[in-house]
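Asker: Protein chains in written order, with the working numbering: chain A, 1 to 331; chain B, 1 to 198; chain C, 1 to 541.
Careful, some of the hints might be misleading.
Short, incomplete list of chain C residues facing chain B, as computed with Cβ under 7 angstroms [unchecked claim]:
1) Thr169
2) Arg216
3) Thr220
4) Asn424
Derived by calculation from the structure, the hints in this document are not laboratory data.
Bear in mind the structure is a predicted one, so any value in this text is a computation, not a measurement.
We put the CB at the ideal spot given by N, CA and C, even for glycine.
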Amino acid sequence: MRERTLFFSAIIGIVLIALGILVATQVNLMPVEASTRAAAVDQLFRVLLGVSTVIFLLVEGALLYAVLRFRARPGGTGEGPSIHGDTSLEILWTLLPAAIVVVIGVYSFQVLTAVEAPGNRPLVVEVVGRQFSWGFRYPEQDLETTELHLPVGRPVVFQITSDDVIHSFWVPGFRAKRDATPGQISELAMTPTKIGRFPIRCAELCGAGHAIMTSEVVVETPEDFDAWIEAQLAMAGDPVQIFNTMGCGACHTLTAAGSAGTIGPNLDELPSVAGARRPGVAAEAYVTESIVNPDAFITPGFQPGLMPKNFGDRLTPDQIQALVAFLLAQP
Amino acid sequence: MSPHAMPHAEDFRAGQALGVDHRKLGMWLFIASEVMFFGGLIAAYLHYKYSLGFPEIELLNVVQVGVNTLILLSSSLTVVSALAALQAGRPGRMALFLVLTIVLGVAFLSGQAYEFASLYREGVTLTSGVFGSSFFTLTGFHGLHVAIGVVWAIVVLLGGLRGAYTAERSMGVEIFGLYWHFVDIVWIMLFTLIYLIP
Amino acid sequence: MMTATSAAGWRRYFGWNTDHKVIGVQYIVTSFVFFLLGGALAMVVRTELAAPGADVLDGATYNQTMTNHGTLMIFLWILPVVAGFGNYLIPLMIGARDMAFPRLNALSYWLIPPAGLLMLSSFFAGGAEAGWTAYVPLSIGGPPGQTLWALSVLLLGFSSILGAINFLTTVITMRAPGMSFWRLPLFVWGMLATAILSLTATPVLTAGLILVALDRMVGTHFFTVSSGGDPILWQNLFWFYSHPAVYIMILPAMGIVSEIFPVFARKPIFGYRMIAMSSMAIAVLGMTVWAHHMFTSGMDPRLRIPFMVSSMVIAVPTGIKIFSWLATTWYGKIRLTTPMLFALGFISMFLIGGLTGIFLATIPVDLHVHDTYFVVGHLHFVLFGGSVSAVYAGLYYWFPKITGRQYDERIGRAHFAINFIGTNLAYLPMFLAGLLGMPRRVADYDPSFTSLNLWATIGGFLLGISVLPFLYNALLSWARGPKAEANPWSSLTLEWQTSSPPPPQNFAVIPTVTHHPYAYGDTPGAEAVAAPATAGAGGSR
Numbered sequence: 001m002r003e004r005t006l007f008f009s010a011i012i013g014i015v016l017i018a019l020g021i022l023v024a025t026q027v028n029l030m031p032v033e034a035s036t037r038a039a040a041v042d043q044l045f046r047v048l049l050g051v052s053t054v055i056f057l058l059v060e061g062a063l064l065y066a067v068l069r070f071r072a073r074p075g076g077t078g079e080g081p082s083i084h085g086d087t088s089l090e091i092l093w094t095l096l097p098a099a100i101v102v103v104i105g106v107y108s109f110q111v112l113t114a115v116e117a118p119g120n121r122p123l124v125v126e127v128v129g130r131q132f133s134w135g136f137r138y139p140e141q142d143l144e145t146t147e148l149h150l151p152v153g154r155p156v157v158f159q160i161t162s163d164d165v166i167h168s169f170w171v172p173g174f175r176a177k178r179d180a181t182p183g184q185i186s187e188l189a190m191t192p193t194k195i196g197r198f199p200i201r202c203a204e205l206c207g208a209g210h211a212i213m214t215s216e217v218v219v220e221t222p223e224d225f226d227a228w229i230e231a232q233l234a235m236a237g238d239p240v241q242i243f244n245t246m247g248c249g250a251c252h253t254l255t256a257a258g259s260a261g262t263i264g265p266n267l268d269e270l271p272s273v274a275g276a277r278r279p280g281v282a283a284e285a286y287v288t289e290s291i292v293n294p295d296a297f298i299t300p301g302f303q304p305g306l307m308p309k310n311f312g313d314r315l316t317p318d319q320i321q322a323l324v325a326f327l328l329a330q331p
Numbered sequence: 001m002s003p004h005a006m007p008h009a010e011d012f013r014a015g016q017a018l019g020v021d022h023r024k025l026g027m028w029l030f031i032a033s034e035v036m037f038f039g040g041l042i043a044a045y046l047h048y049k050y051s052l053g054f055p056e057i058e059l060l061n062v063v064q065v066g067v068n069t070l071i072l073l074s075s076s077l078t079v080v081s082a083l084a085a086l087q088a089g090r091p092g093r094m095a096l097f098l099v100l101t102i103v104l105g106v107a108f109l110s111g112q113a114y115e116f117a118s119l120y121r122e123g124v125t126l127t128s129g130v131f132g133s134s135f136f137t138l139t140g141f142h143g144l145h146v147a148i149g150v151v152w153a154i155v156v157l158l159g160g161l162r163g164a165y166t167a168e169r170s171m172g173v174e175i176f177g178l179y180w181h182f183v184d185i186v187w188i189m190l191f192t193l194i195y196l197i198p
Numbered sequence: 001m002m003t004a005t006s007a008a009g010w011r012r013y014f015g016w017n018t019d020h021k022v023i024g025v026q027y028i029v030t031s032f033v034f035f036l037l038g039g040a041l042a043m044v045v046r047t048e049l050a051a052p053g054a055d056v057l058d059g060a061t062y063n064q065t066m067t068n069h070g071t072l073m074i075f076l077w078i079l080p081v082v083a084g085f086g087n088y089l090i091p092l093m094i095g096a097r098d099m100a101f102p103r104l105n106a107l108s109y110w111l112i113p114p115a116g117l118l119m120l121s122s123f124f125a126g127g128a129e130a131g132w133t134a135y136v137p138l139s140i141g142g143p144p145g146q147t148l149w150a151l152s153v154l155l156l157g158f159s160s161i162l163g164a165i166n167f168l169t170t171v172i173t174m175r176a177p178g179m180s181f182w183r184l185p186l187f188v189w190g191m192l193a194t195a196i197l198s199l200t201a202t203p204v205l206t207a208g209l210i211l212v213a214l215d216r217m218v219g220t221h222f223f224t225v226s227s228g229g230d231p232i233l234w235q236n237l238f239w240f241y242s243h244p245a246v247y248i249m250i251l252p253a254m255g256i257v258s259e260i261f262p263v264f265a266r267k268p269i270f271g272y273r274m275i276a277m278s279s280m281a282i283a284v285l286g287m288t289v290w291a292h293h294m295f296t297s298g299m300d301p302r303l304r305i306p307f308m309v310s311s312m313v314i315a316v317p318t319g320i321k322i323f324s325w326l327a328t329t330w331y332g333k334i335r336l337t338t339p340m341l342f343a344l345g346f347i348s349m350f351l352i353g354g355l356t357g358i359f360l361a362t363i364p365v366d367l368h369v370h371d372t373y374f375v376v377g378h379l380h381f382v383l384f385g386g387s388v389s390a391v392y393a394g395l396y397y398w399f400p401k402i403t404g405r406q407y408d409e410r411i412g413r414a415h416f417a418i419n420f421i422g423t424n425l426a427y428l429p430m431f432l433a434g435l436l437g438m439p440r441r442v443a444d445y446d447p448s449f450t451s452l453n454l455w456a457t458i459g460g461f462l463l464g465i466s467v468l469p470f471l472y473n474a475l476l477s478w479a480r481g482p483k484a485e486a487n488p489w490s491s492l493t494l495e496w497q498t499s500s501p502p503p504p505q506n507f508a509v510i511p512t513v514t515h516h517p518y519a520y521g522d523t524p525g526a527e528a529v530a531a532p533a534t535a536g537a538g539g540s541r
């Protein structure tokens, strides 16, 4: 009897392990692998999936078998056997899972150490979450943008923070996220390995616009990346570039910049109304104040407290001057 | 049918076999939950103390509050004495010690009020910054617990004057004592963490 | 002032009553009402998510709906309903006449309706929008309803703590003669472990909620970033409680399953002591895992490791239980009654939830799936496929004892079938959506996730429908079902050795217990009603 049980257990064990290996190697549930991290994480994930498949089939199979095989006969009222336990079995199903847990734990620790290690001479990119868009800054080039571009193959370190509430910077293709917490900078290291465009999503509830706080990371050749940086820097003084980078179009209509936001006043009208809006305040002074101190005066019909108050810190005086001049010089 | 009956002594046989009185056990369990509650507030205070630094600590009057601490410690002594008096069959003496406890408790609260007022005069308030928020919330909740203890002491005193307690029926006083000592011990912790340790 | 079974007796459920059996029913019925409300909110959520685009609700309203769905389900359904089972069953199971502090018990219950009303009223005060986790600074700046939300949860916490004091004191000091700790039914062991967690973890949440309430109401600076406030402090205080909270929600459920399996397999529970000790191990370990909810928070990377370790280790006692239940059925004589079906369903669905938990404990994988629909799938498998299945199992199992009437078995089985299919259909697609890139708590999503969400919505609607046969069965049977015997399941635990429903003082004579309560088959070949492990109870053997 014991040989038969052992034999059947071995057969079942082999079949289950084969199925586990099959699932682990053939089933792909992850998005595109776009970083070195992704390869390591996906490997770990597949191992877990294989092990889980074995355990799942074992337990569910046993359950189903028991329910069918040990069903009471209709009308039967007898009792079952008085089995209270089996010490060797209980030791087995304590130690075997414990061993699996130890192995998975060690393996996970190794993967973690490998993927979280910052690369050699990484490109530093500052990431700022704001309700409800992402801003990026390249400190090396002193460039602020709303687009994230990365050169393929070069290690990156993201320094992530927030201007308001907690957000979370997540690139599914890279397989990691880090919370953007106000008042602190959290680092996230990785190396992109695939050229293409990959979605960025906010992964921490941050308010009404949490679902639409998406962006894109563009991974390109080093040459294309350098060219993009050059182009961005060239446009850095351009008022339309400033307008777009600062995200003004999300709330304001400005035909010259191609934006149609309606949360704030229509800026197409600015040249004709700026001078008269606040009696005693000249047009330039009014527009400048509206940018750096937006709650000082609220245009009738609009809400206070919505426009960011820190443009005075984020823009240089030259940039503000150029922007104001541009806004007032519209035809 | 009769109204649903409250449990009688024989319902607690299992506890008696273990030497555990259910009312005392209830109070100990309650105290355990209070330890965790103060633990949460203390964690907040200490987190900010060691991550931000609290320059306002210089404004704290260690000597005055130290004296206040001795007052509260003495009140634990009077509670012990009250219980001892009851168990020696001297309810009159118990009442006296309870009165002393109440007086000392009120004195402690007054001392706290004085400390709070001086800090307020220096501009350190509940809403003036992280230190103010943490300090006043933590010590304020402790003070609230002392105040509740004082009210409870009055209730026990009145019960004692009515003859509700005897050497054999002392559980009500014992349980009050447990609470009072706990509040005292919390204060020793707070005094050490806030006033003594740099 | 009350009778055991008369129709006029229903009035006592609406007033102040110190009988633990009345309080237990009050808890169960009240929390079931909140289950229905929370479920209605879920239907709204799934309607919004059936198609991409914020078409049914705008972002802010969606956030309120989603927040209150989670909050109602956790704080006003599962946590109180398990307290309700504990209340009803513990004194009966240990051979006592009531809880140690009956008036405190009534108070614990009566904190719940006002807290529930506060929670519901928050909807009309601008709503709470920050998720049931209420992370700061979002919850500090939120609408006025958020304060009512915080106060409501505070009240519910007090109820929990007072209940825990009662459960622990009762089990320690009021067991019947002969009822040693190693003869306690496993449901009672589960409640012991649960009460230890409620007692020690809840007060930390209380502290955290007070800090949030003070920030919102009087302008303290606990979480004001510009003053030096630290949002991570809230996360630590919150999760220090809320992780043990999930064990508070599952340990009683596992206890219920441990009661049901022996009865309907007609075999002793396999590995009684290991199951009892696993409950305590899960409680202790459960206090050490909380930061696994914070792996992406920017916390010190070295500190993450011990939390990963403890989160994985907790799989071992959990596994012991699953294998023990399985072994209980082996060689048994299984009767697939509705309670048994739900208990079997519990194992199969909790297994999925538990296995996916290991994925989440592994930090490298968690960094990808944290705060995505993978987590939503995981939590619903453990809480809905797990806890709610067990609650249903318990409701059916103890229905005759509590109401004195029998429910309709066929409708019960239909309920199980719809529930089982609905649960798997609703929550399996979520794992895929999360892995592929769908974050959680979103009113809108990339069109590539449309079909997964549509399947989840269909499953969700099925679950909504599945409540109807249950309600029909429960209400009609309670009112007019066939009268139940004292022990219709031939069960050996003490609550079945007295009438259905029990008399106000529970037992005519307090029983003396002579051996443990799972002695099925101890007299081989015997008829189904084995001798109960008592002498001098209402029975005759």
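Asker: Compare the structure with each hint and give your call.
Answerer: Cross-check of the supplied hints:
no.: 1; hint: Thr169; result: holds, 5 angstroms
no.: 2; hint: Arg216; result: violated, 12 angstroms
no.: 3; hint: Thr220; result: holds, 4 angstroms
no.: 4; hint: Asn424; result: violated, 38 angstroms
This entry does not satisfy hints 2 and 4, going by the numbered hints stated previously.
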